[in-house]
Structures are given as C-alpha cells and as structure tokens.
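One-letter residues, chain by chain:
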Amino acid sequence: MEQRQRHTFLDLCLPYALGRLNEGQRRQFEAHLRTGCNECNRELAEIQESLSILPLLHRQQSAPRSLKESIIRQIRQEEKPAAGQPALPGVGRPWFGYGIAAVIALILVGLMFYVASLHDTITQQDRQLVELRDELERKEEILQVLQAPRINVVILKGAEVHPAGYGKIIWDPEKRVAVFQVANLPPIPEDKDYQLWVIKDKTPISTGVFSIQHEKESYFKVLGLTVADRNEIEAFAVTLEPKGGLPKPSGAVYMIGSPQ
Amino acid sequence: MLLALITQRLKQQQDDLTLLKRIERKDQQALSELYDRYASLLYTLSRRILPSPEEAEDVVQEVFLLVWKKSSTYVESRGTVYSWIITMCRNKAIDTLRSKRFKKQQQEIDIEEAKEILSDDHRLNPQEQAVVADYQRIVQTALKRLSRDQIRILELSYFKGYSQSEIARILKMPLGTVKTKMRQGVLKLRQLVRGEQKG
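For the protein sequence lines, the chains are A and B, in the order given. What the first sequence shows, in our numbering, is residues 1 to 260, in sequence order. What the second sequence shows, in our numbering, is residues 1001 to 1199, in sequence order.
These are calculated hints, taken from the structure and not from any lab test. It is possible that part of the hints are untrue.
[To be verified] Listed next, the in silico DSS-like pairs over lysine-lysine satisfying Cα-Cα at most 27 Å (straight line): (1) Lys1026/B with Lys68/A; (2) Lys1070/B with Lys192/A; (3) Lys1070/B with Lys1011/B; (4) Lys175/A with Lys157/A; (5) Lys68/A with Lys1179/B; (6) Lys175/A with Lys1179/B; (7) Lys202/A with Lys157/A; (8) Lys1070/B with Lys68/A; (9) Lys175/A with Lys202/A; (10) Lys243/A with Lys168/A; (11) Lys1172/B with Lys68/A; (12) Lys1070/B with Lys243/A.
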C-alpha cells in the first residue's frame, strides 16, 4: 500500500516541475518531498535537470548591459539603507532654485504614487485571474471524482476543541482519489497546517495537509488515498500540526468521522 | 568522451557551488561572476517565454535578487545549481505569462531554426560559453534523438505553460498521444542527461 502511495506522488513529479499542479496538490506534493522520500526527490531532480536543457535549444541572446548594473545597484541599496545617502550641497544656490526643485520633486513623488497605485491595481487583478483559473481547475477535478461510477461518503463532525467544524469525504475507491469538503474550521497561523488522517487498524496514516485562510467552506482533492476500502477504514480525522505535517499526529483533533 | 563530459559537468557544478557559498556570505563579486555565467541563458529563456523584453529583464533581475537573498535555500540533492536557477527563472516567467494572459497567440516552434541556433553561440562571453559547452553535446544529441513532435510538445509545455489538453487542441492530436509523446520526450532527455546516450 505504501508502494502505491509513493507511485501516486512519483507521477506528480513532472506536472510539479512544469508548474501544472494546483495549490492543494502542490502543497501535498511539497509536504511529501519534505518527508525525505528519496525516490521522489531524485525523480524530481532528474526531471528538472532534463527540462533545464530546453533553453539551450534556442539562439542565445545577450542580456542588456544595464541589467547587471541595475541588479548590483539594487543589492547595494538593500544592503545599505538610507544612512548612506549623501547630503545635498546647499551653498551658493538661489532660493528660487530650491523652490523649483521642490515643486518638481513633489510632482515626481505624486506621479510615482499614481503609477504605483495603478501597478498595484493591475497586479491585484492579475492575481484574481490566476486564483479564478486555479479555482476552476480545482472544481473540474472535484467533478471528476463525483462522476465516478461508485463513490463512498463519510461525514466528519467537529471534535471537542472546535465543535462547529464540519466535513465530508467523498472518494472513488477504484482510483483512490477523494474530495474533502470542509466547513467552519478556524483559519490557522502560517506555521501550521491541518492534516487529514485515515485510521486503519487503530493506526493513523497521513493523507495530506491543507490550510484554511477564511472560515468558509473549502474543497480539497486528496491524492494517494492509501486505504480506499470502506471496510478497512475505521475513521477519518483532522488534526492541527506544524507546517507540512508530521508522520504521526501530535496536535489537537479538530474533526472526526467514521464510515460505520 | 563520456567521462570527459561528466567530469566537465561536475566541475561546473563545483564552480557554481563555490560561487553560491560566497554569495551566502554576501560577496557581491560572486554574484557578479554568477551573473556572467548565466545572465544570457536566463534572458534567452525569459524572452522565449515572454514577448516583452522589459518583462524578461524584470524576471532575470528578480531571479538574481532571489539568488542573492535565498542562496541558502538551495538543496544539492534536488539538482545542480544550473537547474535550480533555470527552474526558478522558468517558473517566474511562466507566472508572469499566465497572469498577463499572453496566451492569445501561439508561437510555433521551428525545429530547423533550433538546429541552426545550436552553432550560434558567438555572442556569448567566455564564461557563458563554458556553461553552454558543457551541455552542447547533450543538446545536439537531443535534437537528433527526439522527434519533432516530442520537441514541440515539450516546448509548448515548458515555454508556454500549456497543459496537455491545451497542447492536444493546439496540435490537433489525441490527448493520449500528447501524454505518451511528452513522457517519451522527458525520458529521452533524462537518458541524455544521465549520460546514457549511445551516439
């Protein structure tokens, strides 16, 4: 069974290297890499090494000369904050000169703020587009699970630490993929993740990590469901763990549900 | 011949590692040397992905600033410094491409052009030529070993960020064929990188 899960992740190495995994899949895959799986780390390294040859198939273009100076300048600026600014010479200048300089400076500052605000707006809209596209891809994947000829469902209820929590796992036992619907779980700090476990023979087996940014309903696709036979599953549970998850649960149980 | 190639690539990785260690100690000269080795490659890659030269420059700048700030996050077991930097650059450029929705016009890849390009490294400085030369034999073999379709599929995915379904639509091929050809293409590239090529 362990073998089967590792193979699921191995298949994700290429789409990961090409940036084709959605946010949830990417996080699950990276959590798996952090477990130190040699096979996947090696596979990913080889794929990235192979793909990095592709840029050499094209006519090499020299980078603009000014670029290097610009990078070095930026690094120096960041290394030496404002303290290093030279003082402006102030002797022998007529007052109107200062006035004109001040007006030009004000106009420039105003323009800079205007351009910066426009840039922020465009960046924000771009981000929204990317998020919408990711969301759409995620929904399509979820739909694929729901369209399976045979699906199983387990309801998870909030545990003592957070009784309002609610969850539902819908899985395709043949393809071993699942959709996990979560509602009313509190958002968590950046250094934490929720971790989903499937419990078999009284032993919890990790099936991935996820995080909640807003206390609204969320869906996650679960990859590599190690135990998929309803009769073998004693329960599903969600715990709060350090970022990336742990091989065994250590934190509080937030939700639990059993097929029986 | 193979031993010489492997030795050469190990030396390149060793040189890169030394530079990265110096960068970690905030040695600006080391960053400058790393720039001389990779700037044109990264710029070429970014220009292949992004139509605008300004955006390509921004990506290259961002990558070198990331190397400056996060050189300590490089993990040797996950690949060479070369592939770490190239991957970072490709991902940044693809993010920009996707967010700007530049997918309006598909840029077809011309393999004949690619072949002609191979001998054309005269614009590179000596440091860049050394890096390219390490991989040149692999690249030349790659062009002989991979089919036109395999290269087009890999390039549409790598340089344009298209999904396999999108590539199937663009090339008017069944999705299954695209998946198979992509897998075979990557496999052949891997064999070449591992030094398993026969000729």
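Verification of the supplied hints:
no.	hint	in the structure
1	Lys1026/B with Lys68/A	16 Å, holds
2	Lys1070/B with Lys192/A	22 Å, holds
3	Lys1070/B with Lys1011/B	23 Å, holds
4	Lys175/A with Lys157/A	26 Å, holds
5	Lys68/A with Lys1179/B	40 Å, violated
6	Lys175/A with Lys1179/B	19 Å, holds
7	Lys202/A with Lys157/A	19 Å, holds
8	Lys1070/B with Lys68/A	18 Å, holds
9	Lys175/A with Lys202/A	24 Å, holds
10	Lys243/A with Lys168/A	23 Å, holds
11	Lys1172/B with Lys68/A	43 Å, violated
12	Lys1070/B with Lys243/A	20 Å, holds
Taken one by one, the earlier hints fail for this structure at numbers 5 and 11, listed in ascending order.
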